[in-house]
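Using the sequences plus the hints, can you model the full thing?
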Amino acid sequence: MASAHDLISEDFRRSLSGRAALVQRELFLWLALILFANQLFSSSTDVVGVFGEQIVQILLSRSIFYYLGWYVVFSQLAASKAGRTVSRFDIAAVFSVALLNLVPGQGSTWLATTAAALLLYARSQNDTNLRAASVVLFALALNGFWGTKLFDAFAYLLVHVDAALVGLALAFTQPGMEWQGTIVGQPNGHSLIIFGPCSSFHNISLGLLCWVSITKITRPTWIRSDFAVALIICAVVIFLNTSRLYLMALSEDHYAYWHTGPGEQIMASIMTVSVLLISLWGAFRRGARR
Amino acid sequence: MKALALRAALAGLLVTTVAFKLLHAGASQADIGSAVVDLIAQEGWSARKLTAEAAAPFSKVIAFRASGCAEDGQVYFVDLGFQLAPMLDRSIGPDYTRYVAYLGRKWAIQDRLGLRLEWLKQKTLSTLGLGRYAVNEIALVIAEPRACQVSDKVDWSAAWRRPDGGQPMTSSVAPAGGSVLFRTYVVGDFTIR
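As given, the protein sequences belong to chains A and B, one line each in that order. Quick note, the first sequence lines up with residues 1478 to 1767 if you use my numbering. Quick note, the second sequence lines up with residues 4 to 196 if you use my numbering.
No wet-lab data here; the hints were simulated from the structure. It cannot be assumed that every hint is accurate.
With a straight-line cut-off of 25 Å between C-alpha atoms, the simulated SDA-like cross-links for lysine to any residue are [stated by the list, open to error]:
1. A:1626 / B:109
2. B:5 / A:1576
3. B:126 / A:1627
4. A:1626 / B:129
5. A:1626 / B:115
6. B:5 / A:1564
7. B:124 / A:1633
8. B:5 / A:1562
9. B:126 / A:1633
10. B:124 / A:1624
11. A:1626 / B:61
12. B:124 / A:1498
13. B:5 / A:1498
14. B:63 / A:1631
15. A:1558 / B:12
16. B:63 / A:1630
17. B:124 / A:1584
18. B:124 / A:1580
19. B:126 / A:1591
20. B:124 / A:1630
21. B:126 / A:1573
22. B:124 / B:113
23. B:126 / A:1560
24. B:126 / A:1582
25. A:1558 / B:10
26. B:109 / A:1629
27. B:5 / A:1560
28. B:124 / A:1625
29. B:63 / A:1634
30. B:63 / A:1558
31. B:124 / A:1583
32. B:5 / A:1561
33. B:5 / A:1567
34. A:1626 / B:10
35. B:126 / A:1651
36. A:1626 / B:122
37. B:124 / A:1705
38. B:126 / A:1628
39. B:124 / A:1634
Remember, it's a predicted structure, so these values are computed and weren't measured experimentally.
Pasting the structure below:
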């Protein structure tokens, strides 16, 4: 893997010093910086406390994969060969996208991110680094906004799928357990209702963000078998999520342990490491690197 | 010189957009709980907000007693996807009727598509500055005894209506007690770190 120093070319360093003309690469880096800052601060609605604490809370409220995604966006933009002096179209497009952040509502920042991804893709031509940055921006927008909207539209159905997986596992292994709609457990005792935020769906989109980021930082171009890796990640996330729900359905003590107790941290760590390792394996496996 | 001016403009854009985000922080989902209590009180009926424990797994439940009625009605606050629909079936007794109110419309059944379309319509109007409502993604399910169906008198859409182009009507109400009805637990937020 190239070091950050290698990724930043000499003319890019000159442009940072303010001496050189503004080139496409720097313009797109500015756009990425504006989007990143706006995304961070658009989440500040739920944050309370003094300013320093707020900053820490804002930073900690995001997944490590979110920061990984942005690191890849910045590094791929910096490594891009888009060294042409900016055109009027580039300037107008970048300002238009950035100004979308002034539309009220949290969704505006994500709309701007999606528009930026489209812009980078349209301007990438044969620049694989620029295209890789646009793909990761898409993945960030999918995880942060479009995935949520898609889930909201089909939440009832998706939660039923999760409940069916847990319900079937319980019905086969635990006598007296059953599931009805989105409720699983004992008919007259401890039972769970599975609700949107605990669905596998959210972690799948986060897992895919990790996979896209790691794949794109190792090689900007896709190969066909990459998509098999994505499927493996989805399967592992669903399996771990279902396992946690299964354990919570067993008893009130299990629920307390796996829902808000140490079990939650354990399962989150296992899922994080699993997704990370599979993504790394997918990126570095024999024959995958170019 | 031109490059320097462009860089200055981009830096200005960065600061302006972030400042805008910070200034508009907190203007996300409108809380209509107090507005609903006000609407009930305007009819001369009593209203009490159940404690979080009593309302669970719903985010909020308001019980009301219409004049001349022997039993309480309830207003449940639910998400547009009706993910807690099974709990509604358990919470609302067979002697009760129910309907859904959201922004400018009412439904006799849980019409997820209709609710989402109403949200889309009002959200678009609101974004364009033409909306009458402070749009959130919370619908009301109103349950009342079959023997005493009077809640249709209430204009529930007023809970979302902007009185002066700002937040919906609000007041304060002290939470009242209640009891836990079920031992069914909601499985909530769980994300990769």
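Hint-by-hint comparison with the structure:
no. : hint           : verdict
1   : A:1626 / B:109 : holds (23 Å)
2   : B:5 / A:1576   : holds (21 Å)
3   : B:126 / A:1627 : holds (17 Å)
4   : A:1626 / B:129 : holds (18 Å)
5   : A:1626 / B:115 : holds (14 Å)
6   : B:5 / A:1564   : holds (12 Å)
7   : B:124 / A:1633 : holds (21 Å)
8   : B:5 / A:1562   : holds (12 Å)
9   : B:126 / A:1633 : holds (22 Å)
10  : B:124 / A:1624 : holds (21 Å)
11  : A:1626 / B:61  : holds (21 Å)
12  : B:124 / A:1498 : violated (46 Å)
13  : B:5 / A:1498   : holds (8 Å)
14  : B:63 / A:1631  : holds (23 Å)
15  : A:1558 / B:12  : holds (24 Å)
16  : B:63 / A:1630  : holds (22 Å)
17  : B:124 / A:1584 : holds (16 Å)
18  : B:124 / A:1580 : holds (17 Å)
19  : B:126 / A:1591 : holds (20 Å)
20  : B:124 / A:1630 : holds (15 Å)
21  : B:126 / A:1573 : holds (22 Å)
22  : B:124 / B:113  : holds (18 Å)
23  : B:126 / A:1560 : violated (41 Å)
24  : B:126 / A:1582 : holds (11 Å)
25  : A:1558 / B:10  : holds (20 Å)
26  : B:109 / A:1629 : holds (20 Å)
27  : B:5 / A:1560   : holds (17 Å)
28  : B:124 / A:1625 : holds (19 Å)
29  : B:63 / A:1634  : holds (24 Å)
30  : B:63 / A:1558  : violated (55 Å)
31  : B:124 / A:1583 : holds (18 Å)
32  : B:5 / A:1561   : holds (15 Å)
33  : B:5 / A:1567   : holds (15 Å)
34  : A:1626 / B:10  : violated (35 Å)
35  : B:126 / A:1651 : violated (46 Å)
36  : A:1626 / B:122 : holds (13 Å)
37  : B:124 / A:1705 : violated (40 Å)
38  : B:126 / A:1628 : holds (18 Å)
39  : B:124 / A:1634 : holds (23 Å)
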